[in-house]
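*Asks:* Here the numbering used here is used: position 81 in the sequence shown is 81, and no number is missing along the way.
Possibly wrong hints are sitting among the right ones.
[To be verified] Calculated cross-link-like contacts (lysine-lysine; reagent style DSS-like; alpha-carbon spacing at most 27 Å):
| no. | residue 1 | residue 2 |
| --- | --- | --- |
| 1 | K270 | K140 |
| 2 | K177 | K214 |
| 3 | K202 | K140 |
Simulated from the structure, these hints should not be mistaken for lab results.
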Amino acid sequence: MTYQHIKPIGGEAEYAQPNFEAITQTGRSSLRLIIESAKLQAKHVALPDYLCEVIIDIFKEYQSKIHFYPVNQDLSLDYSALPKHFDVLYIINYFGMDLGKKLTLPLSAGHTLIIDDVFYPMPRMIEIDTACYAFNSLRKISKLADGSLIRANRPLLLELITGATNSPFSTLKYSAKALKHRFIYQHIEPQIPLSEQRYLTKFEQAERLLDSQKNIVAVSMQSQIMAMEFYRQLQDETQTRRENYLCLKQLLANNLLQIDTDFYSFSVLKHARKSELKKYLASQSIYLPTHWPVSESNYLKSINNISINWLSIPLDARYTIQDMERLAKAIQDFDQHSTSF
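Between the sequences and the hints, there should be enough to build the whole structure, so can you do that?
*Replies:* This is the structure:
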């Protein structure tokens with residue numbers, strides 16, 4: 001029996017797939033899968049000049065012709081300096097901002113748009129006729145050691161994804177995370193002493209493995225399970241991050257970069273004496289990274305040094321308002337007594 005005008009009740013649930021989707025081990029695997037699926041080898045690629053150097057390295061693997069366009073001090077994108085001829089436009093949604101939806105540049109049917117949504121839980125597509133791919137990196141915003149979601153309006157070559165069992169990266173990274181947890185809470189089991197260097201060494205080993213890995217790898221089983229918990233708690237996680245951001249904004253208003261997002265990953269601290277401050281904070285058990293360090297590659301002259309005085313403050317639910325207040329006080333103490341440090 002067919003139902004022309006009556007909605008059926010019961011049976012298997014229907015699903016209209018809006019896009020093509022996949023999940024890989026890392027943002028690197030996702031980018032390689034996008035390049036392979038869209039056949040972007042040796043194409044002209046327009047990259048923003050503030051980015052992670054790994055992005056450059058991956059496009060170089062595929063013999064891409066790389067061009068850079070400027071990123072402004074407020075992290076808006078300046079398309080005025082785009083090359084006259086390019087095949088791929090690469091956009092980065094810095095720290096969760098939605099710069100993709102602000103795209104005003106008309107793209108033709110021959111263009112491909114890649115949106116790097118590294119700091120956001122769900123990669124955001126935009127409505128566009130030309131090929132569009134968006135991906136994130138869950139290991140950058142959660143406890144997961146690996147995991148990267150891809151959404152696209154064109155098919156993905158899923159057969160290129162190899163099993164996670166062929167990559168020791170995730171196993172080693174989870175081992176390092178477990179050691180760090182034991183180190184932080186070893187007062188609970190003081191009979192099992194553990195040095196900080198032990199887990200730091202494992203983290204470094206894992207990153208070296210990832211740097212040498214060129215294949216496209218599936219997400220690990222452990223991360224698939226942990227991702228369910230991450231998304232289940234996402235509303236609470238989002239609220240905690242917002243509260244932490246607003247706390248820092250109040251305490252360090254003159255030093256923070258303005259970020260407009262509904263999911264805060266990091267707060268960006270601007271400081272003229274960044275290197276000295278970073279060392280001082282480390283002495284207080286506060287370890288802040290930079291997104292991203294200035295590249296030392298052959299593209300150094302083309303890379304924006306916008307982040308040269310930046311430190312990134314994590315805002316996730318590991319931390320409370322009290323942690324943010326402690327961090328802000330440490331920065332204020334440094335500023336007040338900086339001549340003695």
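*Asks:* Taking the hints in turn, state whether each one holds.
*Replies:* Consistency of the hints with the structure:
1. Only pairs whose Cα atoms come within 27 Å are accepted, and K270 paired with K140 is accepted, the gap being roughly 21 Å.
2. The hinted pair formed by K177 and K214 meets the criterion: a straight-line CA distance of about 24 Å does not exceed 27 Å.
3. Note on K202 and K140: the hinted pairing holds, with a Cα-Cα distance of about 18 Å set against a maximum of 27 Å.
Consistency note: the structure conflicts with none of the earlier hints.
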